[in-house]
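Generate coordinates for the entire structure from the input sequences, incorporating the hints supplied.
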Amino acid sequence: MSVSMRILMAPILTVALTLALPILALGITAKKASADPLVVDLSNHLVAITTGFTGTKVLLFGAVENEGDVIVTVRGPDQDMVVRRKERKIGIWVNSESARYKNVPSYYASASNRPIDTIAPQDVLIDYRIGLQNQRFVAESDLTDDDQNVYREALVRNMQTAGLFGERPAKISFLSNQLFRTDIHFPANTPTGTYTINVYLVRSGKIVGVKTTPLVVSKTGISAEVYEFAHRYSALYGIIAVIIAVIAGWIASVAFRKR
Amino acid sequence: MQIYLPIAEISVNIFLILGLGGGVGFLSGLFGVGGGFLITPLLIFYGIPPAVSVATAANQIVASSVSGVFAHWKRGNVDLKMGLVLLGGGIVGSTVGVWVFAWLRSLGQIDLVISLCYVIFLGIIGGMMLFEATRAIFRTRRRGGPIRRSKKHQHSFIHGLPFKMRFYRSGLYISALLPLAIGFFVGMLTALMGVGGGFVMVPAMIYLLGMPTGVVIGTSLFQIIFVTANVTFLQSVQTQTVDVALAILLLIGGVIGAQFGAQFGSRLKAEHLRALLGLLVLSVCLKLLFDLVIEPKDLYSIMPGDL
Numbered sequence: 001m002s003v004s005m006r007i008l009m010a011p012i013l014t015v016a017l018t019l020a021l022p023i024l025a026l027g028i029t030a031k032k033a034s035a036d037p038l039v040v041d042l043s044n045h046l047v048a049i050t051t052g053f054t055g056t057k058v059l060l061f062g063a064v065e066n067e068g069d070v071i072v073t074v075r076g077p078d079q080d081m082v083v084r085r086k087e088r089k090i091g092i093w094v095n096s097e098s099a100r101y102k103n104v105p106s107y108y109a110s111a112s113n114r115p116i117d118t119i120a121p122q123d124v125l126i127d128y129r130i131g132l133q134n135q136r137f138v139a140e141s142d143l144t145d146d147d148q149n150v151y152r153e154a155l156v157r158n159m160q161t162a163g164l165f166g167e168r169p170a171k172i173s174f175l176s177n178q179l180f181r182t183d184i185h186f187p188a189n190t191p192t193g194t195y196t197i198n199v200y201l202v203r204s205g206k207i208v209g210v211k212t213t214p215l216v217v218s219k220t221g222i223s224a225e226v227y228e229f230a231h232r233y234s235a236l237y238g239i240i241a242v243i244i245a246v247i248a249g250w251i252a253s254v255a256f257r258k259r
Numbered sequence: 001m002q003i004y005l006p007i008a009e010i011s012v013n014i015f016l017i018l019g020l021g022g023g024v025g026f027l028s029g030l031f032g033v034g035g036g037f038l039i040t041p042l043l044i045f046y047g048i049p050p051a052v053s054v055a056t057a058a059n060q061i062v063a064s065s066v067s068g069v070f071a072h073w074k075r076g077n078v079d080l081k082m083g084l085v086l087l088g089g090g091i092v093g094s095t096v097g098v099w100v101f102a103w104l105r106s107l108g109q110i111d112l113v114i115s116l117c118y119v120i121f122l123g124i125i126g127g128m129m130l131f132e133a134t135r136a137i138f139r140t141r142r143r144g145g146p147i148r149r150s151k152k153h154q155h156s157f158i159h160g161l162p163f164k165m166r167f168y169r170s171g172l173y174i175s176a177l178l179p180l181a182i183g184f185f186v187g188m189l190t191a192l193m194g195v196g197g198g199f200v201m202v203p204a205m206i207y208l209l210g211m212p213t214g215v216v217i218g219t220s221l222f223q224i225i226f227v228t229a230n231v232t233f234l235q236s237v238q239t240q241t242v243d244v245a246l247a248i249l250l251l252i253g254g255v256i257g258a259q260f261g262a263q264f265g266s267r268l269k270a271e272h273l274r275a276l277l278g279l280l281v282l283s284v285c286l287k288l289l290f291d292l293v294i295e296p297k298d299l300y301s302i303m304p305g306d307l
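Same order as they appear, the protein sequences are chains A and B.
Take the first sequence: its position 158, counted from the start at 1, is 158 in this note's numbering, and no numbers get skipped.
Take the second sequence: its position 215, counted from the start at 1, is 215 in this note's numbering, and no numbers get skipped.
Calculated directly from the structure, the hints in this document are not laboratory data.
Among the hints, erroneous ones may be present.
In silico BS3-like links for lysine-lysine, alpha-carbon gap of 30 Å or less [as the list claims (entries may be wrong)]:
no.	chain 1	residue 1	chain 2	residue 2
1	A	LYS57	A	LYS219
2	B	LYS269	A	LYS86
3	B	LYS164	B	LYS81
4	A	LYS211	A	LYS102
5	A	LYS86	B	LYS297
6	A	LYS57	A	LYS86
7	A	LYS102	B	LYS297
8	B	LYS269	B	LYS74
9	A	LYS86	A	LYS171
10	B	LYS297	A	LYS89
11	A	LYS211	A	LYS57
12	B	LYS287	A	LYS89
13	B	LYS74	B	LYS164
14	A	LYS219	A	LYS206
15	A	LYS89	A	LYS219
So this is what it looks like as structure tokens:
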């Protein structure tokens with residue numbers, strides 16, 4: 001399928017799936033009503049970053065057997081992060097001290113049908129590491145407790161500014177007592193890799209069901225190939241970059257010679 | 001229309017980038033400069049990561065220098081021997097520069113060093129240009145005559161240096177150490193700032209080496225091609241920050257803009273052009289300085305740690 005075809009197809013697919021969702025979900029609940037208390041799926045298991053990518057959203061939908069609260073967390077692939085503090089030195093602002101964090105999710109978002117702290121008690125949320133404030137970011141560098149907090153806040157704030165950490169939990173809407181849906185938003189700078197989506201079913205403050213589903217974000221088309229090539233065959237990439245520039249410069253001088 | 005840049009890893013407006021290339025191309029045609037010292041800061045202002053801006057600008061300068069050098073080559077305005085000696089220094093300087101670049105990047109100081117280099121060099125060059133041009137404007141008004149040129153052969157410590165070489169095309173017999181040092185220094189600037197370095201090299205060739213002005217532009221373009229090509233290659237290998245897609249967009253805009261600039265430029269007086277360019281260079285310098293001095297919105301910044 002060509003890139004343009006895929007771009008055309010994406011909204012059509014989303015619409016089709018949205019329409020199909022109630023029928024689909026009803027079918028599943030009817031069949032597996034006694035076996036599975038929680039059923040979840042995504043409108044798309046692959047987010048393709050194409051040349052025209054400006055961000056996208058993925059529809060998460062599902063059904064619960066009996067009434068209950070639902071929490072969704074989306075976690076991007078982990079990476080190490082360095083947080084740097086600027087200080088004024090001889091009149092200009094210079095990066096000075098820094099702290100390194102291991103295993104920071106490159107993307108994090110959550111959603112729930114009502115405020116998370118009213119769904120489950122804090123100790124349960126901590127146990128399951130649900131929500132941004134319950135992520136364990138511990139700096140590798142030696143920091144005082146005060147600094148530990150300041151750096152942690154700076155990390156979260158910067159990720160939120162970049163649109164990679166959700167500012168606040170998104171809304172999960174119930175279409176009936178059993179069917180629910182929510183949109184997961186991905187910004188233009190979404191990191192690539194395999195994302196983990198956890199859906200928790202909560203009843204009277206206890207987590208009674210968990211469903212995990214992966215979501216792959218990957219570059220496709222020309223931009224993906226260029227990136228791959230630049231990293232895998234970097235020397236050849238450099239030579240080609242120079243050759244392109246030389247040819248372009250030569251064409252320009254020929255094209256405009258007689259002006 | 002948005003386009004996703006594969007290496008910079010962000011979406012940019014395609015027309016804005018074309019326009020940026022076109023605008024800088026227009027100015028480079030108008031003033032007869034390479035434009036690298038404008039394109040890199042403008043890309044940074046737009047939000048392209050500084051490292052990508054610098055490496056990609058080097059790639060784009062390869063193209064603009066190639067297109068410029070043909071005309072000079074045909075007229076015999078390239079001192080090949082001098083060009084090769086400068087290039088020897090330039091290759092070493094740019095290689096060291098790329099290494100320093102990667103080291104500063106790992107320390108988290110590369111953005112600061114890029115900005116500081118720009119503030120210092122744009123400040124000096126812009127200030128001198130403006131000063132010299134306004135003096136020339138007033139002098140021609142008062143006397144109505146051209147400015148007298150200084151003597152060609154001024155003897156100084158430079159003529160006492162060893163390893164003397166004869167450069168027939170430039171009519172010079174000087175130590176090879178001096179062009180080597182100039183090449184080295186400009187090569188460093190290319191790697192750290194994403195500039196061709198013509199704005200440093202041309203005055204150095206005229207005033208330090210005493211080369212005749214006729215061969216200066218052609219010779220500097222000749223050596224800039226190879227030094228920027230070296231930087232493009234080394235940055236690709238070491239930091240993977242050369243964005244070919246971005247370079248091509250800038251190129252297309254730049255080539256077209258330069259043609260209009262050159263036509264427009266022939267209608268203006270040389271010293272007026274230099275004064276305008278000086279003002280432009282100074283304003284870019286002030287904007288960069290301003291960004292360094294005012295308190296940033298967030299004192300903390302983050303960067304993936306695997307770099």
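Hints and how they fare:
no., hint, verdict
1, A:LYS57 to A:LYS219, "holds, 16 Å"
2, B:LYS269 to A:LYS86, "violated, 46 Å"
3, B:LYS164 to B:LYS81, "holds, 13 Å"
4, A:LYS211 to A:LYS102, "holds, 26 Å"
5, A:LYS86 to B:LYS297, "holds, 11 Å"
6, A:LYS57 to A:LYS86, "violated, 35 Å"
7, A:LYS102 to B:LYS297, "holds, 26 Å"
8, B:LYS269 to B:LYS74, "holds, 26 Å"
9, A:LYS86 to A:LYS171, "violated, 36 Å"
10, B:LYS297 to A:LYS89, "holds, 17 Å"
11, A:LYS211 to A:LYS57, "holds, 20 Å"
12, B:LYS287 to A:LYS89, "holds, 19 Å"
13, B:LYS74 to B:LYS164, "holds, 28 Å"
14, A:LYS219 to A:LYS206, "violated, 39 Å"
15, A:LYS89 to A:LYS219, "violated, 41 Å"
The structure is inconsistent with the numbered hints 2, 6, 9, 14, 15, although it conforms to all the rest.
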